[in-house]
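Start from the sequences, fold in the hints, and give me the full structure.
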Amino acid sequence: MNAPIAIVGNWSEGLSFVVAFLIGIGFGFFLEQGGFGNSRKLALQFYFRDMTVFKVMFTAIITAMAGLIFFSAFGWIDMDLVSLNPTYAWSGIAGGLVMGVGFAVGGYCPGTAIVGLATLKTDAPFYLAGILGGMFVFGELEPWLHGFFVSGFWGDRLTLPQVLGVSAGVVGFAVICVALLGFWGAEFLEKKFSRPEEIK
Amino acid sequence: MITLKGKQIGILVALVLGLVMLGLPARPGESYRFQPAELGRLITERADQLAPADLAQWIVDQQAGFQAIDIRSAEEFQAGHIPGAVSLPLAELLQPSTLRTLPADKTIVLYGNGQSHAAQAWLVLKAAGVDALVLEGGMNAWSRDVLNPRAPQAGASDDEILRYNQAAATAGFLGGAGAAPAAAAPAARPGAGFKAPLKKKKMKGC
Numbered sequence: 001m002n003a004p005i006a007i008v009g010n011w012s013e014g015l016s017f018v019v020a021f022l023i024g025i026g027f028g029f030f031l032e033q034g035g036f037g038n039s040r041k042l043a044l045q046f047y048f049r050d051m052t053v054f055k056v057m058f059t060a061i062i063t064a065m066a067g068l069i070f071f072s073a074f075g076w077i078d079m080d081l082v083s084l085n086p087t088y089a090w091s092g093i094a095g096g097l098v099m100g101v102g103f104a105v106g107g108y109c110p111g112t113a114i115v116g117l118a119t120l121k122t123d124a125p126f127y128l129a130g131i132l133g134g135m136f137v138f139g140e141l142e143p144w145l146h147g148f149f150v151s152g153f154w155g156d157r158l159t160l161p162q163v164l165g166v167s168a169g170v171v172g173f174a175v176i177c178v179a180l181l182g183f184w185g186a187e188f189l190e191k192k193f194s195r196p197e198e199i200k
Numbered sequence: 001m002i003t004l005k006g007k008q009i010g011i012l013v014a015l016v017l018g019l020v021m022l023g024l025p026a027r028p029g030e031s032y033r034f035q036p037a038e039l040g041r042l043i044t045e046r047a048d049q050l051a052p053a054d055l056a057q058w059i060v061d062q063q064a065g066f067q068a069i070d071i072r073s074a075e076e077f078q079a080g081h082i083p084g085a086v087s088l089p090l091a092e093l094l095q096p097s098t099l100r101t102l103p104a105d106k107t108i109v110l111y112g113n114g115q116s117h118a119a120q121a122w123l124v125l126k127a128a129g130v131d132a133l134v135l136e137g138g139m140n141a142w143s144r145d146v147l148n149p150r151a152p153q154a155g156a157s158d159d160e161i162l163r164y165n166q167a168a169a170t171a172g173f174l175g176g177a178g179a180a181p182a183a184a185a186p187a188a189r190p191g192a193g194f195k196a197p198l199k200k201k202k203m204k205g206c
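One line per chain: the protein sequences are A and B, in this order. Here the first sequence is numbered in the working numbering, starting from 1 and rising by one per residue. Here the second sequence is numbered in the working numbering, starting from 1 and rising by one per residue.
If you are wondering where the hints come from, they were derived from the structure by calculation, not from laboratory data. Treat the hints with care, as some may be off.
Stated by the list, open to error - Here are the simulated BS3-like pairs of lysine-lysine, each with C-alpha atoms no more than 27 Å apart in a straight line:
1) K121/A - K55/A
2) K41/A - K7/B
3) K191/A - K126/B
4) K41/A - K191/A
5) K192/A - K126/B
6) K106/B - K55/A
7) K7/B - K191/A
8) K126/B - K55/A
9) K121/A - K41/A
10) K7/B - K192/A
Okay, here's the thing in structure tokens:
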């Protein structure tokens with residue numbers, strides 16, 4: 001487990017697993033409380049009828065982002081120790097599309113599928129079987145797809161502040177503005193498209 | 001008095017946090033990433049070292065892409081140092097605040113009297129992401145090879161004499177004593193290379 005928070009750095013691996021377990025349980029619990037264990041509710045965002053997922057996720061993004069930016073500025077967290085995936089532009093775009101289509105069709109993303117399973121939703125195990133099957137197929141085909149998989153390489157630890165040449169705070173402020181505009185837009189769309197009787 | 005509702009409080013808090021963020025300085029990373037395999041490769045290929053003669057050539061050519069750093073004590077630096085070098089005693093160099101200020105666009109050339117302290121500092125600089133080299137043999141080798149090149153024996157080949165004359169000229173340029181024996185050596189033969197400056201400069205080495 002990556003534990004970039006200074007006080008966590010000296011914990012044993014076993015203790016880190018306990019912390020990871022508790023954070024994971026907390027994440028799942030709050031997803032369920034937000035209604036994210038219901039694939040129909042999740043899928044409705046793609047029809048602009050229920051934008052809860054969008055609003056909750058964007059709120060989580062700006063909360064976590066603000067936390068990281070301030071912790072980093074106070075010297076409480078070392079962003080160099082935070083794990084980042086390398087950036088591959090083309091396969092990233094393709095993967096995002098596959099994920100988005102899968103989300104719209106299946107009504108889950110991987111995390112919410114686990115939540116759905118925990119609350120014994122019938123469609124969740126099928127969705128998870130699809131995820132595992134897809135992973136297996138991709139793993140077997142990877143040698144042929146490898147060229148595309150690593151195409152558009154842009155950097156090992158590429159971040160928006162680096163690309164734009166500004167401080168993390170400037171990007172943070174811009175993301176908050178985008179989020180607020182997004183919330184306003186989401187509510188506007190909900191009012192326009194929602195048919196509340198469908199959700200329940 | 002204006003009373004704020006739940007949503008308005010949320011928007012206000014987000015905006016205030018965003019505005020505070022805007023003013024935060026960009027904070028550089030402070031961690032050090034050791035890449036043992038890469039370091040091992042550099043050391044095996046001797047890509048971590050710079051020969052004194054090569055450093056001398058860089059200085060003579062007035063290359064801009066490097067910065068020599070003297071990691072000995074300030075007193076030793078005062079007593080004599082490589083031209084263009086800056087004094088940053090080891091303990092001071094290895095302060096995180098100092099490491100952050102090292103020029104990112106230059107190759108740092110580290111030297112002490114010998115080589116071991118510079119090599120130890122090299123590991124830290126590499127982990128901090130600084131492009132660095134160690135002066136092979138340190139100040140001792142610099143003094144022996146660059147400032148005081150050995151005059152060729154009688155009957156030396158033209159090549160050797162040419163090389164010596166070049167080394168002696170470099171030594172003269174860098175403030176060494178190498179220029180002195182050039183006239184005494186059989187280098188005065190016409191066509192055996194350019195002549196070293198005869199003016200004897202004050203020895204500035206260690």
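Against the structure, the hints:
1. Using a Cα cut-off of 27 Å, the hinted pair K121/A and K55/A holds, with the two alpha carbons roughly 23 Å apart.
2. Distance hint between K41/A and K7/B is fulfilled; the C-alpha atoms sit about 22 Å from each other, no more than 27 Å.
3. Simply put, K191/A and K126/B have alpha-carbon atoms about 57 Å apart, too far for the 27 Å limit, and the pair is violated.
4. For the suggested pair K41/A and K191/A, the alpha carbons sit about 16 Å apart, so the restraint of at most 27 Å is met.
5. A threshold of 27 Å between alpha carbons decides the hint, and for K192/A with K126/B the separation of about 58 Å lies outside it, so the pair is violated.
6. For the hint linking K106/B to K55/A, the alpha-carbon distance of about 47 Å lies beyond 27 Å, and the restraint is violated.
7. With a C-alpha separation of about 17 Å, the suggested pair K7/B and K191/A falls inside the 27 Å cut-off, and the hint holds.
8. Annotation: proposed proximity of K126/B to K55/A is violated, straight-line Cα distance about 44 Å (limit 27 Å).
9. For the hint pairing K121/A with K41/A, the CA-to-CA distance comes to about 13 Å; that is within 27 Å, so the pair holds.
10. For the hint linking K7/B to K192/A, the alpha-carbon distance of about 20 Å falls within 27 Å, and the restraint holds.
Hints 3, 5, 6, 8, counting from the list given before, are not met by this structure.
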